[in-house]
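*Asks:* One line per chain: the protein sequences are A and B, in this order. According to numbering that gives the first Met the number 0, the first sequence is numbered sequentially starting from 0. According to numbering that gives the first Met the number 0, the second sequence is numbered sequentially starting from 0.
Hints in this document: simulated from the structure, not taken from any laboratory. Be careful, since some hints might not be right.
Unchecked claim - If we take Cβ atoms under 10 Å as the criterion, some of the chain A residues that face chain B in the derived model are: (1) Arg17; (2) Gly18; (3) Val20; (4) Arg28; (5) Asp32; (6) Gly39; (7) Leu41; (8) Ile60; (9) Thr82; (10) Glu84; (11) Ser117; (12) Asn120.
Glycine included, each C-beta is placed from N, C-alpha and C at the ideal position.
There are 2 protein chains.
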Amino acid sequence: MVKPGEDLRRNLHDQFERGDVYAPECPSRPLLDHLTSRWGVLVLVLLLDRPHRFGELASLIGGVSDKMLSQTLKTLVGDGFVTREVGTDGPVRVTYALTDVGQGAAERLADLVEWLESNMNALVPA
Amino acid sequence: MVKPGEDLRRNLHDQFERGDVYAPECPSRPLLDHLTSRWGVLVLVLLLDRPHRFGELASLIGGVSDKMLSQTLKTLVGDGFVTREVGTDGPVRVTYALTDVGQGAAERLADLVEWLESNMNALVPA
């Protein structure tokens, strides 16, 4: 069954064999926005280390609210960068982990963050 | 002369010998926000190719308004990622180029964009 919007999406898909972030209608553009969102970057780089529970992410990311973190994770799960797994026994435990494609994105974001942290003092005057 | 806020800034500078984007008060965090802003990414990656005039950037970046582009460039110039040069003869020409440190950032953002453009079809269902 063809869902509403599916034709348009298939057309875009064919049109952009390879993404083009400079074209406003290319589906890569919202993906780039999600990857580079303030909290998206910080979540993905943490998950590169290992899977984390919600509360762990909340305590490691200074300044994030539960609402923003939850919204960020929902978006990343929706895009296919992150998986959300609910434990089946004991107290409810929700764990977030990178998908294969999320791993590729997170590695590149970690390079950027690592570079910035090392070069910050060239940018911020003492 | 000590400008207002300079002491605080020096303290932060000493405190963060190396940046820590997970600390909300670290000066690296606004820098990361600027680097990863929607238009910031697209501007920096274009400048990696060569310096560009304002109008060139505006026409290459689909969907950006003059106001947003101008605000983005002002922020990147203020951070020290980009230089703004006004031509001295003939019609007024303003050219934007990467600084050395901007080059480092832009290379990493270009890796991310390149990866996303190549992997988009693993993310967007056909």
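*Asks:* Taking the numbered hints from earlier one at a time, note which ones the structure violates and give those numbers from smallest to largest.
*Replies:* 9, 10
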